[in-house]
Amino acid sequence: MTLVLEQILNGVQLGVMLFLLAAGLTLIFGIMGVINLAHGSLYMVGAYAAAVTASATGSAILAMLAGLAAAAVTGMAIEYVVLRRLYARNHLDQVLATFGLILFFNQGVTMLFGRQPLFVDIPAALSGAVEIVPGVPYPVYRLLIIGVGIAVAVGLYLLITRTRIGMLVRAGATNREMVRALGVDIRLLYTVVFGLGALLAGLAGLMAGPITSVQVGMGEQILILTFVVVVIGGIGSIRGAVVGALLVGIVDTMLRAFLPTLLRGMMAGAEADALGAGLSSMGVYLLMALVLLLRPKGLVPAHG
Amino acid sequence: MTTNRRPLMALGLTFAVLLVLPFVATALDSTATISLVTRMMIYAIAASSLNLILGYGGMVSFGHAAYYGLGGYTVGILYAHFVSGDPLFGIIPGTNQFLITLPAALLVSGLFALALGALSLRTSGVQFIMITLAFAQMVFFLFVSLEMYGGDDGLIIRRPNELLGLRLRDELTFYFLTLGFLAAYVGLCGRIVNSRFGMVIGGIRQNERRMAAIGVSTYRYKLVAFVIAGMGAGLAGALMANHARFVSPDMLHWTKSGELMIMVILGGMGTLLGPILGAISLIGLESVLSGWTENWQFYLGPILVLIVLFARGGLYSLIPGLRGNGRD
Chain A
16 MTLVLEQILN
26 GVQLGVMLFL
36 LAAGLTLIFG
46 IMGVINLAHG
56 SLYMVGAYAA
66 AVTASATGSA
76 ILAMLAGLAA
86 AAVTGMAIEY
96 VVLRRLYARN
106 HLDQVLATFG
116 LILFFNQGVT
126 MLFGRQPLFV
136 DIPAALSGAV
146 EIVPGVPYPV
156 YRLLIIGVGI
166 AVAVGLYLLI
176 TRTRIGMLVR
186 AGATNREMVR
196 ALGVDIRLLY
206 TVVFGLGALL
216 AGLAGLMAGP
226 ITSVQVGMGE
236 QILILTFVVV
246 VIGGIGSIRG
256 AVVGALLVGI
266 VDTMLRAFLP
276 TLLRGMMAGA
286 EADALGAGLS
296 SMGVYLLMAL
306 VLLLRPKGLV
316 PAHG
Chain B
6 MTTNRRPLMA
16 LGLTFAVLLV
26 LPFVATALDS
36 TATISLVTRM
46 MIYAIAASSL
56 NLILGYGGMV
66 SFGHAAYYGL
76 GGYTVGILYA
86 HFVSGDPLFG
96 IIPGTNQFLI
106 TLPAALLVSG
116 LFALALGALS
126 LRTSGVQFIM
136 ITLAFAQMVF
146 FLFVSLEMYG
156 GDDGLIIRRP
166 NELLGLRLRD
176 ELTFYFLTLG
186 FLAAYVGLCG
196 RIVNSRFGMV
206 IGGIRQNERR
216 MAAIGVSTYR
226 YKLVAFVIAG
236 MGAGLAGALM
246 ANHARFVSPD
256 MLHWTKSGEL
266 MIMVILGGMG
276 TLLGPILGAI
286 SLIGLESVLS
296 GWTENWQFYL
306 GPILVLIVLF
316 ARGGLYSLIP
326 GLRGNGRD
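Chains as they are written, first to last, in this note's numbering: chain A, 16 to 319; chain B, 6 to 333.
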């Protein structure tokens with residue numbers, strides 16, 4: 016039972032990571048109509064910048080700032096140099112150009128830091144564990160990630176429903192042309208939203224560093240899961256991103272944790288582990304197929 | 006569609022060059038060229054199949070590698086069971102006869118395209134892109150975890166399949182076999198595109214709502230096109246399995262889907278010749294760049310961005326006399 020609780024928390028923690036990426040991806044799509052495959056690269060950039068800073072300075076605060084800054088700056092640079100020219104294009108062009116960016120970033124990071132994964136230590140102040148219920152210790156660091164995720168979700172909610180920028184974001188998602196016609200500097204809004212999305216991706220990346228290894232390709236791995244989240248939740252919808260992310264995070268973690276054990280009752284250990292790993296990584300895609308059959312627009316569609 | 010015969014002439018010329026090329030390469034004693042061009046032609050088949058839905062049908066499928074890989078794995082798995090002697094699922098005996106493995110590969114990839122297409126085509130736009138990508142990735146993870154078929158390492162096919170006493174191990178024989186399949190598949194695509202079915206598919210690309218209003222059941226048309234495209238990719242996969250004598254999850258990886266898309270766009274989508282030109286130039290570019298530097302993707306990436314931003318219509322539109330004769 017305690018193991019189940021622990022795995023649910025792990026699932027929520029993965030869900031938070033996915034939410035941070037999905038929120039940015041879905042915002043960018045909602046406002047600008049752009050599908051950005053390089054979103055995963057921003058996650059990777061954030062993780063690498065934080066990892067390298069942490070090992071050079073030993074300071075977790077500096078590492079965090081470096082990760083956030085690197086992701087945001089990279090994001091805005093991508094927007095300014097490439098994506099700005101693609102807003103009016105079809106999705107195919109956007110996919111191809113951002114695919115090119117992925118090749119560029121992955122190989123660039125390989126050239127700078129090599130193929131070996133980097134490992135990051137959890138900051139000393141956060142390395143302990145607390146008992147969430149008596150007898151169940153859980154790492155402080157993972158709890159912190161969950162806390163950050165809740166804070167970001169609340170912050171985004173307030174930003175979008177209570178502020179002027181949020182109003183413009185909602186208006187832009189409903190009718191881009193009309194917002195522009197009313198005299199809003201839409202280009203600035205685009206850059207701000209893109210920077211925000213990049214910041215969230217970077218935040219996810221730098222927090223993921225101490226949990227998973229920091230390596231080339233980490234971005235695409237989580238990006239494709241993020242796509243599943245966005246499709247399940249409903250594209251363009253932040254609330255959908257919350258629901259989808261938690262669902263995918265928990266389902267994926269639970270399957271990975273318990274399916275191999277279940278299978279081991281039926282076949283040899285090594286084969287059960289391998290097949291279990293394969294089937295559990297298919298689980299979320301089957302979930303997506305199910306959602307598509309029942310609700311083709313996602314669980315929480317953006318408009319109407 | 007028009008009286009302009011130039012696109013057909015360009016296509017004929019390309020095939021004429023492909024027909025003569027091995028003799029020149031043999032005369033120059035360059036067998037590596039034959040192998041390279043065989044790879045180009047196999048990718049050309051896969052790219053042509055993607056072009057059918059992407060270029061003519063406007064369906065941006067980002068999971069085409071799944072059908073390509075499944076075609077390859079069908080050949081690989083049947084061969085593995087042929088060698089080991091124990092039947093697949095306890096009933097299907099393994100085989101190394103190309104006349105059996107090829108239809109099997111087409112069947113598997115076609116059925117898979119039917120299942121995934123039936124689900125994915127319920128959506129459109131960005132969702133369709135994400136879903137096709139995600140499902141293809143699912144297939145990738147499945148094969149990574151299938152330890153009995155090599156898992157991450159893939160399957161080695163020691164001897165290519167047998168086909169009517171031909172020596173498929175011979176580079177030249179396999180070259181002409183591939184060329185024959187390429188010609189047949191491109192010919193089939195040409196017939197499809199100019200048929201009533203092709204007209205409907207093109208109409209759906211231009212305005213699906215209008216086609217539906219005329220009374221066309223667009224979902225079914227799109228699904229049939231999706232399955233035909235999936236089978237084309239399966240054909241390419243089966244050929245590649247025999248050419249490389251190796252299949253691995255790499256064939257299913259999402260970057261492979263991306264490469265196929267690039268070939269279509271680079272060459273010129275919605276044209277018969279485009280995907281062939283695209284496959285030849287992308288594989289060519291890769292082999293040139295990788296000869297210069299290990300980090301060739303670092304340069305390929307920005308080149309792609311530039312092509313998307315500035316070279317609309319692909320290489321096809323650069324050929325004199327063909328500009329604007331692509332899709333319209």
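Hints were generated in silico from the structure; no laboratory data involved. Backbone N, C-alpha and C define an ideal beta-carbon position, used for all residues, glycine too. Mixed in with the good hints there might be a few duds.
As the list claims (entries may be wrong) - Okay, the calculated beta carbon distance ranges per label pair:
#1 L80/A - T298/B: 31 to 41 Å
#2 I97/B - L277/A: 41 to 51 Å
#3 L24/B - G129/A: 39 to 49 Å
Hints, verified against the model:
1. L80/A - T298/B: 31 to 41 Å: holds (34 Å)
2. I97/B - L277/A: 41 to 51 Å: violated (28 Å)
3. L24/B - G129/A: 39 to 49 Å: holds (46 Å)
Of the numbered hints listed earlier, the single one contradicted by the structure is hint 2.
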